[in-house]
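Going down the list, the sequences are from chains W and P. In our numbering, each residue carries its 1-based index in the first sequence increased by 941. In our numbering, each residue carries its 1-based index in the second sequence increased by 24.
Hints in this document: simulated from the structure, not taken from any laboratory. Glycine residues also receive a C-beta, built at the ideal position from the N, C-alpha and C atoms. One or more of the hints may lead you astray.
Cβ pair distances, simulated, as ranges [said to hold, decoys possible]:
1) W:Glu-1125 / P:Val-532: 34 to 42 Å
2) W:Tyr-1022 / P:Gln-349: 35 to 43 Å
3) P:Gly-347 / W:Arg-1340: 12 to 20 Å
4) W:Glu-1125 / P:Arg-71: 57 to 65 Å
5) W:Asp-1144 / P:Arg-163: 49 to 57 Å
6) P:Asp-249 / W:Pro-985: 43 to 51 Å
7) P:Gln-349 / W:Ala-1399: 25 to 33 Å
8) P:Gly-280 / W:Thr-1165: 48 to 56 Å
9) P:Ala-231 / W:Glu-1008: 53 to 61 Å
10) P:Asp-249 / W:Thr-1165: 48 to 56 Å
11) W:Asp-1382 / P:Asn-351: 30 to 38 Å
12) P:Lys-128 / W:Ala-1337: 39 to 47 Å
13) P:Pro-69 / W:Glu-1359: 45 to 53 Å
14) W:Arg-1246 / P:Asp-444: 20 to 28 Å
Straight-line Cα separation of at most 25 Å, DSS-like style, residue types lysine-lysine; simulated pairs [unchecked claim]:
15) W:Lys-1263 / P:Lys-414
16) P:Lys-529 / W:Lys-1263
17) W:Lys-1263 / P:Lys-396
18) P:Lys-440 / P:Lys-414
19) W:Lys-988 / P:Lys-396
Short derived list, chain W residues pointing at chain P, Cβ under 8 Å [as the list claims (entries may be wrong)]:
20) Pro-981
21) Thr-1141
22) Ile-1160
23) Asp-1243
24) Leu-1379
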Amino acid sequence: MTRYTSATDQDRERMLAKIGVASVEELFEDVPESVRLGRPLELPDGKPEAEVYERLSALAARNAHAEREVSFLGAGMYDHYVPAIVDSICQRSEFLTPYTPYQPEISQGGLQAMFEYQTAICELTGMPVSNASLYEGPSSVASAGYLAKLETGRRRFVVSRGLHPHSRETLETYSVGYGTEVVEVPLDEGVTDATALAETVDDETAAVFLQYPNFFGAIEDLATLAPVAKSTGAVLVVSVDAPTLGILKPPGELGADVVVGEGQPLGNRLDFGGPSFGFFAAREQYLRRMPGRIAGETTDVDGRRGFVLTLQTREQHIRREKATSNICTSQALNALAGAIYLSWLGRQGIVELGSLMAQRTAYARERLASLAGVELLHRRPVVREFALRLEAPVAAVLRRCAERGVNAGYPLGADYPEHADGLLVAITEQSSRADIDLLADTLGAAVAAEREHRAVRA
Amino acid sequence: MNRPMQRPPADASAPTPMQREPTITIFEKSHEGRRAAYLPEAGVPERPLSELIPGELLRGEAPGLPEISEPEIVRHYNRISRRNFDLDSGFYPLGSCTMKHNPKVNERVAALPGHARLHPLTPSERAQGALELMWLLQRSLVEICGLPHVSLQPSAGAHGELAGLLLTRAYHADRGEHRTKVLTPDTAHGTNPATVTMAGYEVVKVASDERGGIDVDDLRAKADDDVACLMLTNPNTLGLFDERISEIAEIVHGTGATLYYDGANLNAVMGISRPGDMGFDIVHVNLHKSFSQPHGGGGPGAGPIAVSDRIEPYLPRPQVVRGEQENGGPPMFRLDFDRPKSIGRLRGFQGNFGVFVRSYAYILSLGGDGLKEASETAVLNANYLLALMKDGRAGRYLPVAFDRLCKHEFVLSGAKAKRDLGVKTLDVAKRLLDFGFHPPTVYFPLLVDEALMVEPTETETAEMLDAFAEAVEEILAEAEEHPEVARSAPYTTPVRRLDEVAATKRPVVRQPL
């Protein structure tokens, strides 16, 4: 007997006799000798549960996680508090262990949760329809590109430089398959350059991609950009930071055709980058071109209300090479966490969260910008993330802060060479005033020390 | 005994307690003023929001999320959860999905704050545990797949397939070749052809032979130098090992194309036969199938890829690499972005790390021998259940499509049940619900008329397999006398057959508020 199985030697004998073979080896007679491994796998021997726990716990202990340092890292994933009910509900085996609800009669729980999730995402984004989730943010951006390509038959994507670097790169990767090209529009003082956008969008533009707020935390002026983006019939895709929509005007009211985003901030743990989920909401006209699963309401033969996976003729298991996406297994459990979180926050909580972040961010932004050797990278309105410019080497400053248990943020240089002196700082409801004050003191001291260091060396 | 119930009632006039429960959404439970979340005070000097953010950017009305208290949220989800069938409660022989036990320790280690609250952009030197875990999982998959390089990045099997075809495209392009076609067998998973189109290729179908394997003559005829890749799974979706795999690999490689392994069926051959040894260039592995990540109602999963040396330069960015320290210190792990020939990123950040933790815990728990035994037991269980189902009415009405040794799953055809009893595969599946079983995958692979695809996995006991075979026997016996019973099944589930046509014709995909 091995781990997680029940077959005893007696069981095996009885089963082999029924099959009519003498040994388990005989069951593999059809595997030619030439393709057999013929030796044991070179992996360590199996371990008792306690040792497995110990090994993984030792690995986990070598990570500087958010309970061990005061962190202002964001840039697409954020350390929001995940309420206990999310864990407790998502760990219920009824949600954790089934697969995709192909048999709706015994999957009403999962299907209803999807339907409610779709409703919540529609409410948040201001869009009429939503799917039941995709993998994560950046690949959702790329999936929106496929919709736009199929819809318009055009071959060019126009992206703002304010779109998350991972989203831009993922769209580039997928574009090789789509046969599309990606053209970038620069930023002007922290937001998408509307004039450059107008000059770039043309009759070959399938979609325009904006981020709201953008990678630098700046709230894009969608009301101005949307008509420009859509002037030649392109699909306007807006990637959003979901928790900010508690206070920001939803993209659905500002001309967006497709709204996508990273779902992690909605009740999902950081998990070193995944699993989380991507959301995908759209105008009604795109419903039959959407990627992924969609739950729909219907009735059973007795007239009872029920839910099914609907519009399945879009999907790979039915439509095969003509499918609107190849997605099969996606992120249902993470989307469930998102739906629970949005219910937990509720109509008031989502607004309060947005306001809380805006207040604390304003405080943090002012405090940090007043430090010697630190200034704002842009002065645009923000909700929860903002960019600074340091008059000292960013990597060295971050190292000094880390030594004092503060992760001061994300250095912009790797993704934006033009901002090698840039630092992106993120605020959540977990960043208290004391944390922000500690950041200000630490960052101020680190910048001062580095400037002094440089002066001495000069 | 695992047997959920004796012959269930077929009396639709007596609804079960759960059927009598009204279906109420969380939005319908909402009452103005109720709440669950209490957020911290801002703790900083506050200003009117419109001073911080111009009024025209602010939302006029709050999003219509539910207003509901914590106990009511918990009761809501607990109530609807009971309307799900799940693997921890019963047999789930859903073919091609490998519904094996999800070990509980995996959940515990995945939830450790060092994993769960680790930000993906934490500098490498302070995320050494996470990067080492990824590296260890990569090395484990290298050994299991028999291919020297692994990228963990793809989020699921279909995402791995897309990676595989983009790698194929980059490989050919680097050699100055532009190939336009990808071959897929007529038994392929739907994700294969869907991926082919997304990757900008044209699908060319290859027929199956009379033994359920690839029709090698058809392959030979279609394998010209315009073919970029053949996508295959072995054992295939019929649960059959293609004995001519070496010959197939030779034909494909002879044209200069790549050979892609859809790892959905890897659970049959771990430690027995490795895709790399079969001649495959690119493999995806479904961590949520063979490596025990819970299926979550449709994810999350992960679809790492293993590749040969000639494909390695094109792997997605970033790659986890191990570097020795000059001062003789312990090895340092880091993310390598400097990969000039890379196809680029397929997603945000590094992949579904939480899934990696669970799957690595699974590999540690079983070890090399344990993985092999898991595959052996999965194949034993499948062949035993197949042997049971060759007897009696199942053998008569639901004969196996290809009568050979099977691997981890097998495919029955319900064509005779449909013809002789007037009971379709769908009806058999729906009647199984009344017996407390999740039905097999139905109507796939497309090659088999009225297909039922059964994958018991190594998790199940012989008694459970006996009970399943008995249930099928009872359903068929019942259908000989009263076919209408199966045709109107199920009766005991929270809802009965649902009107999918209406759902498609007039889609209601959100709650009107």
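Right, here's what the structure says about each hint:
1. Against the hinted window of 34 to 42 Å, the Cβ-Cβ separation of Glu-1125 (chain W) and Val-532 (chain P) comes to about 40 Å, which satisfies the hint.
2. Look at Tyr-1022 (chain W) against Gln-349 (chain P): about 37 Å separates their beta carbons, and that is inside 35 to 43 Å.
3. Distance hint check: the CB atoms of Gly-347 (chain P) and Arg-1340 (chain W) are about 19 Å apart, consistent with the given range 12 to 20 Å.
4. As the Cβ distance of Glu-1125 (chain W) to Arg-71 (chain P) is approximately 36 Å, the hint placing it in 57 to 65 Å is violated.
5. For Asp-1144 (chain W) and Arg-163 (chain P), the Cβ-Cβ distance of about 51 Å falls inside the hinted range of 49 to 57 Å, so the restraint holds.
6. In this structure, Asp-249 (chain P) and Pro-985 (chain W) meet the distance hint of 43 to 51 Å, their C-beta atoms being roughly 44 Å apart.
7. For Gln-349 (chain P) and Ala-1399 (chain W), the hinted distance range of 25 to 33 Å is satisfied, since their beta carbons lie about 31 Å from each other.
8. With their beta carbons about 52 Å apart, Gly-280 (chain P) and Thr-1165 (chain W) fall inside the hinted range of 48 to 56 Å.
9. Distance hint for Ala-231 (chain P) and Glu-1008 (chain W): a CB-CB separation of about 57 Å, consistent with the stated range 53 to 61 Å.
10. Separated by about 52 Å at the C-beta atoms, Asp-249 (chain P) and Thr-1165 (chain W) satisfy the suggested range of 48 to 56 Å.
11. Between Asp-1382 (chain W) and Asn-351 (chain P) the beta carbons are some 33 Å apart, a value that agrees with the proposed interval 30 to 38 Å.
12. Judged by the Cβ atoms, the range 39 to 47 Å given for Lys-128 (chain P) and Ala-1337 (chain W) holds: they are separated by roughly 45 Å.
13. Between Pro-69 (chain P) and Glu-1359 (chain W), the C-beta spacing of about 34 Å breaks the proposed range 45 to 53 Å.
14. In this structure the supplied range 20 to 28 Å is violated for Arg-1246 (chain W) paired with Asp-444 (chain P), their Cβ-Cβ distance being about 37 Å.
15. Using a Cα cut-off of 25 Å, the hinted pair Lys-1263 (chain W) and Lys-414 (chain P) is violated, with the two alpha carbons roughly 37 Å apart.
16. A hinted pair counts as satisfied when its Cα atoms are at most 25 Å apart, and Lys-529 (chain P) with Lys-1263 (chain W) qualifies at roughly 20 Å.
17. Note on Lys-1263 (chain W) and Lys-396 (chain P): the hinted pairing is violated, with a Cα-Cα distance of about 38 Å set against a maximum of 25 Å.
18. For a cut-off of 25 Å, the pair hint linking Lys-440 (chain P) to Lys-414 (chain P) stands: about 14 Å separates their Cα positions.
19. Under the criterion of a C-alpha separation no larger than 25 Å, the hint pairing Lys-988 (chain W) with Lys-396 (chain P) is consistent with the structure, at around 15 Å.
20. Among the interface hints, the one on Pro-981 (chain W) holds; its C-beta lies about 5 Å from the nearest C-beta in chain P, closer than the 8 Å criterion.
21. Using the Cβ-Cβ criterion of 8 Å, the hint placing Thr-1141 (chain W) at the interface with chain P is not satisfied: the shortest such distance is roughly 22 Å.
22. Interface restraint check for Ile-1160 (chain W): the shortest CB-CB distance to chain P comes to about 5 Å, inside 8 Å, so the restraint holds.
23. A cut of 8 Å between beta carbons decides the hint on Asp-1243 (chain W): the least distance to chain P is about 6 Å, and the hint holds.
24. Because the smallest distance between the Cβ of Leu-1379 (chain W) and any Cβ of chain P comes to about 13 Å, over 8 Å, the interface hint for this residue is violated.
Hints 4, 13, 14, 15, 17, 21 and 24 from the earlier list are contradicted by this structure; the remaining hints agree with it.
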